[in-house]
Amino acid sequence: MYIDPRDHLNQLLATSIAWLDISDEDYELAVSRYTAVGDSLAEYWAGSAAGGAVYPQGSMRLGTITRNIHRNDEIDIDLVARRDLVKTSITRAQLKEDVGTGLDLFIKAGPEGDPWREEGKRCWTLQYPGFHVDVLPALPNLESGGSSISITDTELLHWLPSNPIGYAAWFHQRMRDEHRALAKRAMEIAPVPEWKIKTTLQRTVQALKRHRDIYFADHLDDRPASVIITTLAAHAYVGGGSLYDVLRDVAVAMPGFVQQVDGIYVVANPVQPEENFADRWRDHPGRARQYFDWAEHAAADFSGLGETRGVDTVLKKLAAVFGDRPAEHAERVAGSGLLESRRSGKLAMTTGTGTLAVTGTRQVRDHAFYGPGNAGS
Amino acid sequence: MPGRERTLIEQAVRLREDFPDGVVRLRPTSLLWTGRLTPTPLSREYTIRIRYARGQYPKVTLIEPRLEPEERQELHHLYPDGTLCLHKLDEWDTSMWLVETIIPWTTEWLAHYELWKVNHRWHGDGDPADGQAPAGDRPRAPVVPANRADRRRAARLEARRARRERRGAGIRT
Chain P
1 MYIDPRDHLN QLLATSIAWL DISDEDYELA VSRYTAVGDS LAEYWAGSAA
51 GGAVYPQGSM RLGTITRNIH RNDEIDIDLV ARRDLVKTSI TRAQLKEDVG
101 TGLDLFIKAG PEGDPWREEG KRCWTLQYPG FHVDVLPALP NLESGGSSIS
151 ITDTELLHWL PSNPIGYAAW FHQRMRDEHR ALAKRAMEIA PVPEWKIKTT
201 LQRTVQALKR HRDIYFADHL DDRPASVIIT TLAAHAYVGG GSLYDVLRDV
251 AVAMPGFVQQ VDGIYVVANP VQPEENFADR WRDHPGRARQ YFDWAEHAAA
301 DFSGLGETRG VDTVLKKLAA VFGDRPAEHA ERVAGSGLLE SRRSGKLAMT
351 TGTGTLAVTG TRQVRDHAFY GPGNAGS
Chain R
378 MPGRERTLIE QAVRLREDFP DGVVRLRPTS LLWTGRLTPT PLSREYTIRI
428 RYARGQYPKV TLIEPRLEPE ERQELHHLYP DGTLCLHKLD EWDTSMWLVE
478 TIIPWTTEWL AHYELWKVNH RWHGDGDPAD GQAPAGDRPR APVVPANRAD
528 RRRAARLEAR RARRERRGAG IRT
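These protein sequence lines are chains P and R, in that order. Here the first sequence is numbered in our numbering, starting from 1 and rising by one per residue. Here the second sequence is numbered in our numbering, starting from 378 and rising by one per residue.
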């Protein structure tokens, strides 16, 4: 359990943020759904000369999936559908259409979950109840090589470069040491799937995304993109420290990593610096201001958690930043943890202050909160 | 079977040893302890008072911060007089040290109380659904009085208990 206030706060923070995770069942469902989409597209592409590949990108690949509060905690999964063709052999519209046709065939086959298809600027969305899969049509970007791809955007007249695999590799590199240490410790206890090991950076990104979703609940279009938050957080992360320390320090330092080049705000893609993740701020100058306002609030909210006394007050603050359900989860886990540790004889009290801990000086003898003649007590 | 009864003086000495900042007031037949407890590292500090009269269960009152009137109404784990429900009858007897039972149970009660304050959910046990508290109203006393004084005291207590029973007046502890 807890020994000092920071440990206790870290525990409440960790359980709240863990609630934002996708459950094991949902993770398996996500994997089975994207595998089904991939298999179906592979079958469709098998009829032509060139094949392709379907792979996850974004938060699924980064380990930062965060439930969407504004869509009733819906889960979204991002996939790349890479068609192995050269740019000269297909137009952007044809590529989008090709993947769309492939997805229609998938839907017609009556897959599990009965998805339907919707069009976005850059991707197709397979909409399932409480769940959606964004499928991004792409070609290999042969000029850049490696894992680079070219993607389409209905608002643009040219191909857009992208590199989700390269980006994920950069992100994982930023937290490599912590991840290794966590994986080693976790494996000593029991085998844990790789995706379940979360570093403080991944937890921090989840926390910031959720805070953003609540802060921008009434004007979602002004939200800074997840990739901006993830990039800035990964830059601001220096490794080491508790979850609370990392969250607070990253929230405070993050805005400092937005660059200004010729009066334009730049959040460069670390693996292809010519791409500015904050490009849209140029057309919507208000969004840059909104970003900085939000970042200031996030820093103040997260810092404030460490200055609060009273578990009820901390939990109420957590509800304000993460929503009711993550905070309720933290409350239940704390309550059952307290009860279980006493029942199993692990709860102890420190003399002088009466503070409970697993390593206190006095074990709490088992009892129940009853009283004589008062059945309801 | 309960062991030897701990005298008020013995209880007071242990309280002073373990909680040097607390204040103990000893009277011939009762003990009053006022002290400050911080149930978890993130918690507020609470001032509580234990009133322990010989032959009765210790009563624990939260002094500061005070319970709000609506909290007193909605919190099931309180007696009508506002003292805290800490244990089943047979879980405490006079051979037990307050510092080893009543105080840890109080800090645990306070830890659950802070969690309860959020959504009025009690995560501790002792829920009405778990079953009922056993009947009875006084702690188990030593079965075999150790000396003449104890034997006299036990006899006095027994006589008083019998008188009360005849009158049909149950004491709430």
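These are calculated hints, taken from the structure and not from any lab test. Quick caveat, the model's predicted, so the values are computed rather than measured. Heads up, some of the hints might be wrong.
[Stated by the list, open to error] So, partial list: chain P residues that the calculated Cβ filter (under 8 Å) puts toward chain R:
{"no.": "1", "residue": "Gln173"}
{"no.": "2", "residue": "Arg309"}
{"no.": "3", "residue": "Thr353"}
{"no.": "4", "residue": "Gly354"}
{"no.": "5", "residue": "Thr355"}
{"no.": "6", "residue": "Val358"}
{"no.": "7", "residue": "His367"}
[To be verified] Taking lysine-lysine pairs in the DSBU-like style, the calculated list, with each CA pair at most 35 Å apart, reads:
{"no.": "8", "chain 1": "R", "residue 1": "Lys494", "chain 2": "P", "residue 2": "Lys316"}
{"no.": "9", "chain 1": "R", "residue 1": "Lys494", "chain 2": "P", "residue 2": "Lys108"}
{"no.": "10", "chain 1": "P", "residue 1": "Lys317", "chain 2": "P", "residue 2": "Lys108"}
{"no.": "11", "chain 1": "P", "residue 1": "Lys121", "chain 2": "P", "residue 2": "Lys108"}
{"no.": "12", "chain 1": "P", "residue 1": "Lys108", "chain 2": "P", "residue 2": "Lys87"}
{"no.": "13", "chain 1": "P", "residue 1": "Lys184", "chain 2": "P", "residue 2": "Lys121"}
{"no.": "14", "chain 1": "P", "residue 1": "Lys184", "chain 2": "P", "residue 2": "Lys108"}
{"no.": "15", "chain 1": "R", "residue 1": "Lys465", "chain 2": "R", "residue 2": "Lys436"}
{"no.": "16", "chain 1": "R", "residue 1": "Lys494", "chain 2": "R", "residue 2": "Lys436"}
{"no.": "17", "chain 1": "P", "residue 1": "Lys121", "chain 2": "P", "residue 2": "Lys87"}
{"no.": "18", "chain 1": "P", "residue 1": "Lys317", "chain 2": "P", "residue 2": "Lys184"}
{"no.": "19", "chain 1": "R", "residue 1": "Lys436", "chain 2": "P", "residue 2": "Lys196"}
{"no.": "20", "chain 1": "P", "residue 1": "Lys316", "chain 2": "P", "residue 2": "Lys346"}
{"no.": "21", "chain 1": "R", "residue 1": "Lys494", "chain 2": "P", "residue 2": "Lys346"}
{"no.": "22", "chain 1": "P", "residue 1": "Lys87", "chain 2": "P", "residue 2": "Lys184"}
{"no.": "23", "chain 1": "P", "residue 1": "Lys196", "chain 2": "R", "residue 2": "Lys465"}
{"no.": "24", "chain 1": "R", "residue 1": "Lys494", "chain 2": "R", "residue 2": "Lys465"}
{"no.": "25", "chain 1": "P", "residue 1": "Lys346", "chain 2": "P", "residue 2": "Lys121"}
{"no.": "26", "chain 1": "P", "residue 1": "Lys184", "chain 2": "P", "residue 2": "Lys196"}
{"no.": "27", "chain 1": "P", "residue 1": "Lys316", "chain 2": "R", "residue 2": "Lys465"}
{"no.": "28", "chain 1": "P", "residue 1": "Lys317", "chain 2": "P", "residue 2": "Lys346"}
{"no.": "29", "chain 1": "P", "residue 1": "Lys196", "chain 2": "P", "residue 2": "Lys316"}
{"no.": "30", "chain 1": "P", "residue 1": "Lys87", "chain 2": "R", "residue 2": "Lys465"}
{"no.": "31", "chain 1": "P", "residue 1": "Lys316", "chain 2": "R", "residue 2": "Lys436"}
{"no.": "32", "chain 1": "P", "residue 1": "Lys121", "chain 2": "R", "residue 2": "Lys465"}
Glycine is no exception: its CB is placed at the ideal position from the N, C-alpha and C atoms.
Here's how the hints hold up against the structure:
| no. | hint | result |
| --- | --- | --- |
| 1 | Gln173 | violated (35 Å) |
| 2 | Arg309 | holds (5 Å) |
| 3 | Thr353 | holds (5 Å) |
| 4 | Gly354 | holds (3 Å) |
| 5 | Thr355 | holds (5 Å) |
| 6 | Val358 | violated (12 Å) |
| 7 | His367 | holds (4 Å) |
| 8 | R:Lys494 with P:Lys316 | holds (10 Å) |
| 9 | R:Lys494 with P:Lys108 | violated (52 Å) |
| 10 | P:Lys317 with P:Lys108 | violated (47 Å) |
| 11 | P:Lys121 with P:Lys108 | holds (23 Å) |
| 12 | P:Lys108 with P:Lys87 | holds (29 Å) |
| 13 | P:Lys184 with P:Lys121 | violated (42 Å) |
| 14 | P:Lys184 with P:Lys108 | violated (45 Å) |
| 15 | R:Lys465 with R:Lys436 | holds (13 Å) |
| 16 | R:Lys494 with R:Lys436 | holds (22 Å) |
| 17 | P:Lys121 with P:Lys87 | holds (19 Å) |
| 18 | P:Lys317 with P:Lys184 | holds (33 Å) |
| 19 | R:Lys436 with P:Lys196 | violated (48 Å) |
| 20 | P:Lys316 with P:Lys346 | holds (28 Å) |
| 21 | R:Lys494 with P:Lys346 | holds (25 Å) |
| 22 | P:Lys87 with P:Lys184 | violated (44 Å) |
| 23 | P:Lys196 with R:Lys465 | violated (42 Å) |
| 24 | R:Lys494 with R:Lys465 | holds (23 Å) |
| 25 | P:Lys346 with P:Lys121 | violated (56 Å) |
| 26 | P:Lys184 with P:Lys196 | holds (13 Å) |
| 27 | P:Lys316 with R:Lys465 | holds (32 Å) |
| 28 | P:Lys317 with P:Lys346 | holds (29 Å) |
| 29 | P:Lys196 with P:Lys316 | holds (27 Å) |
| 30 | P:Lys87 with R:Lys465 | violated (78 Å) |
| 31 | P:Lys316 with R:Lys436 | holds (31 Å) |
| 32 | P:Lys121 with R:Lys465 | violated (65 Å) |
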